[in-house]
Amino acid sequence: MAYDKFTVLTSTAVPMPIENVDTDQIIPARFLKATKREGFGDNLFRDWRYNGDDTPKQDFVLNNPIYSGKILVGGKNFGSGSSREHAAWAIYDYGFRCVVSSFFADIFKGNALNIGILPVTVSPEFLDKIFKAIEADPKAELEVNLPEQTISIVATGEKESFDINGYKKHNMTNGFDDIDYLQSMKSDIQAFAEKSLY
Amino acid sequence: MSHTPTTLFDKVWDSHVVRKIEDGPDVFFIDRHFIHEVTSPVAFLGLESRGLKVMFPEKTFATADHNTPTINQHLPVQDPLSANQLKALETNAAKYGISHWGLGNPKNGIVHVVGPENGITLPGMTIVCGDSHTSTHGAFGAIAFGIGTSEVEMVLSSQCIMQPKPKKMRITINGKLGKGVVPKDVPLFILSQISASGATGYFIEFAGEVFENMSMEGRMTVCNLSIEMGARGGMVAPDETTFNYLNGRDLAPKGEAWDKALAYWKTLKTDADAKFDLELNFSADQIEPQITYGTNPGLGTGITHTIPVAAEVKDGEASYKKSLAYMGFAENEKIIGKQVDYVFLGSCTNGRIEDFRAFASIVKGRKKADNITAWLVPGSHIVEQQIKEEGILDVLTEAGFQLRQPGCSACLAMNDDKIPAGKYAVSTSNRNFEGRQGPGARTLLASPLVAAAAAVTGVVTDPRELIA
Ligand code: SF4
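Chains as they are written, first to last, in the working numbering: chain A, 1 to 198; chain B, 1001 to 1468.
Calculated directly from the structure, the hints in this document are not laboratory data. Positions of the beta carbon are idealized from the N, C-alpha and C atoms, including for glycine. Take these hints with a grain of salt, some might be off.
Some chain B residues well away from chain A (every beta-carbon gap over 10 angstroms; in silico) [claimed, not checked]:
1) N1072
2) Q1085
3) E1209
4) M1216
5) F1276
6) L1278
7) S1319
8) R1366
9) I1467
Under the rule of at most 25 angstroms between Cα atoms (straight-line distance), these lysine-lysine pairs were calculated in the PhoX-like manner [unchecked claim]:
10) B:K1334 x B:K1368
11) A:K169 x B:K1020
12) A:K195 x B:K1020
13) B:K1053 x A:K186
14) B:K1275 x B:K1260
15) B:K1269 x A:K195
16) A:K36 x B:K1095
17) A:K186 x B:K1059
18) A:K169 x A:K70
19) B:K1321 x A:K129
20) A:K186 x B:K1020
21) B:K1423 x A:K57
22) B:K1165 x A:K169
23) B:K1269 x B:K1011
24) A:K195 x B:K1260
25) A:K33 x B:K1095
26) A:K57 x B:K1321
Please construct the entire structure, taking both the sequences and the accompanying hints into account.
This is the structure we're talking about:
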């Protein structure tokens, strides 16, 4: 599925300074029963966001109107657990385009890139600065610049660069996905398959 | 002729690279692809919207497991959303010519149980599935890992995915496991040492006497949990144990094809001087029966220990406190003797015949404790059949237990098998995340022996006390 191009994103951010935010929290398994990719944003962080009777939990950050924006800032080891791409869909469908953490679980990171969410890995120190900036001013903006591979705290100008491989960067900035690429090399794949043992 | 020594992982990986992209991932060829009802429907929709076909339908296998009931499987599935997913899998499989082992099929079961037991999983293969515990198949010396739905669509349409090559780690454990210490305790121990993110970015090879002496079932349990360490997957070099397990399995090669495959499989090992990016060593005598007390699989310890104080764990203090609060536990408390309400034996971690044998060895001649609700769920119909044939069912029934029908069940609680809020479950599955086994459920991960000991005593109990 094609997604929006990503170049420079300047936005306020939602802070979630919790470590090991796993995919079962991002989208609990009981919401994986759909056969279409629709409505996952409504159940993003379902059990942290709502009480058992579907009333919002007032102390959860997504229910706090002072925080908003297209960037989610999480603690270390964000997205651990299941391979469910539904977790990335839920984040995207809710309206986030970028997740910042000091450490991402592998599969989540791959899934995010495949559907057009930019995972930005920063140093633990910079992550701390971001949390402090948002704590001081919930309207503090971050600028994520993919062509330059930098993330900065707009008010203070503090900046850090991040890694992404050239191929994925090209895809994200153009809104391309891997399926387009693979389709373009079908004859090579066919030839490879013919020599394969299995 | 000189050649650079390489690892088992390099051998399998490098032989599956169709193209290397500069400053990008490898185009990686997939030999076997498993699909199930939950993570495949959107991939098929994607194919349709792009007008693509399945390139090699014979390399994909479908089974229904995540969402299926574990009682009354002969009746129509009650939950309309689950029924809809099962129907979608069946329709998509039929439409594209993919083998489908649906509910009621004698080969049906959990994807990571049925692949190996039918000889679909073979050494040297690359195997993917939209489920993170695909790492299980690494027990055969395959590179196996979980993928997302976009990648399921890639494999269906091109038999390839785009993957950067992970770094390599070897975990070596020598020595002999002690009494009451079974394969599940080994990865739980490793997790307690390196944390739930300790192997992120790596692919693990498990080496040393402990793994060499393990059965295939045990190796599958170990590789299954490699993903919980953050690793992409884990593998064990194939050996006589592997070949004996595979010989004669339904879809394993036969006759001349077997001989040819066997000759290749024997080359699949790490060369003597091969380099890993990271090597870890442990000794078997460090490992006692393990149990988790927190909300990620890295928060576990030896069963006789107390719950650590925040300073001793690698997770941040705030996360650790949140975790203990969810569990209703406190620092320095003893784990033995803790209240248990539910016992779950099953999942692709511990739903194989050996796990039922282990469980039965403890409950034999004892009775289920009155306060315990026990869900014993075989990983497949073949396992279920074996349980009956070996007389294990009689032992279980005698002790007051019932056997359910195969499926993922309470491992992820997508069906009706949900642990109620606030209740404690000793589970042989793989994840103790908040709400994993049902909203508010509190999970203690452990081996089938620890599960059995809890099931007959009603509290957390050291299984060694019940072994003659
Ligand atoms: S048993 Fe659990 S981990 Fe295994 S395939 Fe099913 S849901 Fe995934």
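Are all C-beta atoms of chain A more than 10 angstroms from that of B:Q1085?
6 angstroms, violated
Checking a non-interface call: every C-beta of chain A should be farther than 10 angstroms from the C-beta of B:N1072. Is that right?
Its Cβ never comes within 10 angstroms of chain A, the nearest being 19 angstroms, so this holds.
Taking 10 angstroms as the cut and beta carbons as the points, is B:R1366 off the interface with chain A?
About 33 angstroms separates B:R1366 from the closest Cβ of chain A, which puts it past 10 angstroms; holds.
Regarding the pair A:K33 and B:K1095, is the alpha-carbon distance no greater than 25 angstroms?
Holds, because 21 angstroms separates the two Cα atoms, which is no more than 25 angstroms.
Given pair status - A:K186, B:K1053, alpha carbons within 25 angstroms
12 angstroms, holds
Hint check: A:K169 vs B:K1020, CA-CA at most 25 angstroms. Holds or violated?
Since the Cα atoms of A:K169 and B:K1020 sit roughly 16 angstroms apart, the hinted pair holds (cutoff 25 angstroms).
Could you check that no beta carbon of chain A comes within 10 angstroms of the beta carbon of B:F1276?
18 angstroms, holds
Would the hint linking B:K1334 and B:K1368 be met if the CA-CA limit is 25 angstroms?
23 angstroms, holds
For the pair supplied as a hint, B:K1269 and A:K195, is the alpha-carbon distance within the 25 angstroms limit?
Holds, at roughly 22 angstroms.
Hey, is B:M1216 genuinely clear of chain A, shortest beta carbon separation above 10 angstroms?
19 angstroms, holds
Does B:K1011 sit within 25 angstroms of B:K1269, going by the straight-line distance between their CA atoms?
8 angstroms, holds
Would you check the hint for B:K1321 and A:K129, treating anything up to 25 angstroms between C-alpha atoms as holding?
Holds. B:K1321 to A:K129 sits at ~23 angstroms (cutoff 25 angstroms).
Taken one by one, the earlier hints fail for this structure at numbers 2, 7 and 14, listed in ascending order.
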